[in-house]
Structures are given as C-alpha cells and as structure tokens.
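S.K.: Protein chains in written order, with numbering that gives the first Met the number 0: chain A, 0 to 215; chain B, 0 to 215.
Source of the hints: derived by calculation from the structure; they are not laboratory data. As the structure is a computational prediction, the values presented were derived from the model and not from experiment. Incorrect hints may appear among the rest.
The list treats identical chains as interchangeable, and a pair is accepted whether it falls inside one copy or across any two copies.
[As the list claims (entries may be wrong)] In silico BS3-like links for lysine-lysine, alpha-carbon gap of 27 Å or less: (1) Lys78 to Lys1; (2) Lys205 to Lys159; (3) Lys1 to Lys90; (4) Lys78 to Lys203.
2 protein chains.
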Amino acid sequence: MKIAILGGTGAEGSGLAFRWAAKGHDVVLGSRSAERAAEKAAELSAQLEGASMQGMDNSSASSWAELVVLSVPYSAQEKTLAALTEELSGKILLTVVVPLGKPVARVHRLPSGVSAAEEAQQQLGEDVRVVAAFQNISAHHLMDLEHEIDCDVLICGAKKADKAIVADLCADAGMRGVNAGSLPNASIAEGLTSLLIGVNIRNKIKNAGIRITGIE
Amino acid sequence: MKIAILGGTGAEGSGLAFRWAAKGHDVVLGSRSAERAAEKAAELSAQLEGASMQGMDNSSASSWAELVVLSVPYSAQEKTLAALTEELSGKILLTVVVPLGKPVARVHRLPSGVSAAEEAQQQLGEDVRVVAAFQNISAHHLMDLEHEIDCDVLICGAKKADKAIVADLCADAGMRGVNAGSLPNASIAEGLTSLLIGVNIRNKIKNAGIRITGIE
Numbered sequence: 000m001k002i003a004i005l006g007g008t009g010a011e012g013s014g015l016a017f018r019w020a021a022k023g024h025d026v027v028l029g030s031r032s033a034e035r036a037a038e039k040a041a042e043l044s045a046q047l048e049g050a051s052m053q054g055m056d057n058s059s060a061s062s063w064a065e066l067v068v069l070s071v072p073y074s075a076q077e078k079t080l081a082a083l084t085e086e087l088s089g090k091i092l093l094t095v096v097v098p099l100g101k102p103v104a105r106v107h108r109l110p111s112g113v114s115a116a117e118e119a120q121q122q123l124g125e126d127v128r129v130v131a132a133f134q135n136i137s138a139h140h141l142m143d144l145e146h147e148i149d150c151d152v153l154i155c156g157a158k159k160a161d162k163a164i165v166a167d168l169c170a171d172a173g174m175r176g177v178n179a180g181s182l183p184n185a186s187i188a189e190g191l192t193s194l195l196i197g198v199n200i201r202n203k204i205k206n207a208g209i210r211i212t213g214i215e
Numbered sequence: 000m001k002i003a004i005l006g007g008t009g010a011e012g013s014g015l016a017f018r019w020a021a022k023g024h025d026v027v028l029g030s031r032s033a034e035r036a037a038e039k040a041a042e043l044s045a046q047l048e049g050a051s052m053q054g055m056d057n058s059s060a061s062s063w064a065e066l067v068v069l070s071v072p073y074s075a076q077e078k079t080l081a082a083l084t085e086e087l088s089g090k091i092l093l094t095v096v097v098p099l100g101k102p103v104a105r106v107h108r109l110p111s112g113v114s115a116a117e118e119a120q121q122q123l124g125e126d127v128r129v130v131a132a133f134q135n136i137s138a139h140h141l142m143d144l145e146h147e148i149d150c151d152v153l154i155c156g157a158k159k160a161d162k163a164i165v166a167d168l169c170a171d172a173g174m175r176g177v178n179a180g181s182l183p184n185a186s187i188a189e190g191l192t193s194l195l196i197g198v199n200i201r202n203k204i205k206n207a208g209i210r211i212t213g214i215e
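This is chain A alone, in the form it adopts within the complex:
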C-alpha cells in the first residue's frame, strides 16, 4: 500500500513508517520541508535493506499516497489539513493525533467539545474518511522491530471496511487493532493517552499501554 505519513519525521510517525516499510509497504514521509523529510527517509532506509522509503513535502506526499497518516502535533492539525483538502479527497485519513493539555496527565477537553479526530472530519468534509488509531502507542520501541508492543490499538471511524484496512496496518506494525466504534469514541482513545502518561509518571515507566480483554 502507498502510505504517506504527514509529520513523518517525528518519533511516532517515523516509527510507524519504519515498521510498515519493513513489511513491504511503499512509504513516503511527509513534512513541511521536503529536505527534512528526505533526510529522515534516507536515515530510516539505511537501516532497512530493500525497503522503499522517500521523503516529500506534505502536499506531494498526500497526492502520491493511497492512504494518508496524520502524525503532526495537535496544534498543527488544522493548518496542515487546510492546505490538503484536494489531495486527501477520496482517501482514508488515518489520524494518530492526540491533543494534550496542562497538566499533560489530565484529559484535555477541546473547546469544540469533540475529539481532534472529529474536528478533522468536520474540517475535511465527507470526501475524506477519517479513521483514528494508534493514539495510545508509545513511540518508544517502534524502531526496534523485534520488540513486541504490549498495547492494543483502538480503531474508531464511520466505516467498517476502512477500519478493517487500518486493522491490517496495525497487524503489519506488530499490534492488534480493535474496532472501537464510531469516530466520537476517538475522544476516549485520545483521553486515554493523558491517563497513560500519568501512569507512566507515577510508576516511573515509559510505555504504559492498554489491552482489551475478553475477545476470543
């Protein structure tokens, strides 16, 4: 699959890119700066024999891709998407964005009253299918392909078929994706991140995660 990762030079974006490229996906890192994206892509490619990874500016990356991952800080979400409405049309936008407040360990309620994922959907309109996932994954061990991430991925979105595609991407990144319902439920996945940051702080650990029990 042709996957573009906007904000692909950050820890989570590049970590997911690395795991997907290792599984044979065509991956493009997107960034405001094509140069920075190309540098990071070269750095990651050097660690992956035979893997395909390039860097482009966000617009070119979005045009090229079949599926686009949004991995920018929440503060950059609206502006990033505003420039890409046409490029994203007809595609799945997989958002991993988490809005954090102060203190970071307390759930952050956006003034809109909805999740960052729903804000993205409202901004982009019906031509883009927004799916939220990977909100609770610690970037810490993504670059170590042998490391088993002890965390399930909650997948929220309107369409079952789109969530199934994202579940396959979860599996390709070494994680189990769980259909967690419609897009408003992304507010739970987003808020869980704050809660898990608090668990990390209180327990002096770095990779608190969640597992859904009772399935199978």
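Take the given structure of chain A and dock chain B to it, following the hints.
M.R.: Okay, now just chain B, sitting in the frame of chain A:
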C-alpha cells in the same frame, strides 16, 4: 470497613457487595426501599457463611457507613445525592456510575461537558471526597467468587490517600486498581464503558474489559 452501597440491589452494586462481604467488610445495601434492600441483603447473605450484610434505605445506609458507594443509574444520580448531602459529609463517595447514551456503544457526552463523577463532586461540594472506580467492570461474574475478573479498575480522584483506600477495595474484590489520575479523567473511564459495550456487541461476548500494561 463499613461500606454502604446505594443502588445495592442492582447487578453491579450487589456483586461488589457480595465480594466485599466475603472478604469480611461490613456491608449495607442501600435502596430507596428499605424492604427491597433487606430482601436483597438476605438473599446474598444466604450464599455467604458468616458474612455481615444488611439492607437499609439510602439515608440510613449513608449515615451508618464509613465509605459510600454510588451505584445507581446515572438518571437517578442527582436526585439520590441531593437527599444525602449531610449523610455523606466527611466521607469518601466511591462512584461507579456510567452515563450511557443512544446508541449505547457511542461515548455519551453530558451537557455539562464533564464526567458524571465531576458532576457529583460539584453537587456535593468539598466536604465529600468523590472517587470514581469500577466503571469498566462487567457485573457478569461478580457473584462467582472463584471467577477471576480479567479487567483492571481505573481509579480517579483528587487525593492519593483516598485512591489508595479504593485500591484496597479493588484488591478485596479480586481486581487490580490503577491510579488513573485526577477526577476529570473519570470521563475516560466512563466513556470506555460505551466503547467496551460496542466491543461486546461486535464480538458477541459479555465481558470485554481493559488491562493497563507496562506497570512493573
């Protein structure tokens, strides 16, 4: 510990009561009807040799207890608490309440913009220490003492000491309590219930739960 459970005749309230009584706590089931509470208490006591369990009306139960558990439907929360402000003063109110909307599998956003637990705290004022816990526990297996509940309990509240008391009650009910931060984070625990109901429906199961990974 002297524990009163308001709404103690329901499935979750009576299940927790049963497990705590089995561990030697003094438990009183509270209900609007003292008769109904006494009947349920007698029914549960008959299954537990040597355990102490009584039934009272909500007001008497709250006056008697050291710690009060709120296990009523969300629709009854405000009215139930309005009648008990004095009885609850100086005590921990452990709320297990979850507001559900329609569809039940979609996170329910209260008009107040905060969690049911925070609404309780705002209503009761600073003399009552509200702690939220057990939002995600399926009542399904609580009455079977041998059954290991495969779910952690997220504990949210202002004071560490109060959360430690609740963590002990989690252990006494056979579960691990995890300090999940301040009271606003209860909105995540409450919303997770909707998400887990959806997991139950989609997977045709009855006891989806969550585990926090990475601790220890």
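S.K.: Enumerate the violated hints, using their earlier numbering and listing them in ascending order.
M.R.: 4
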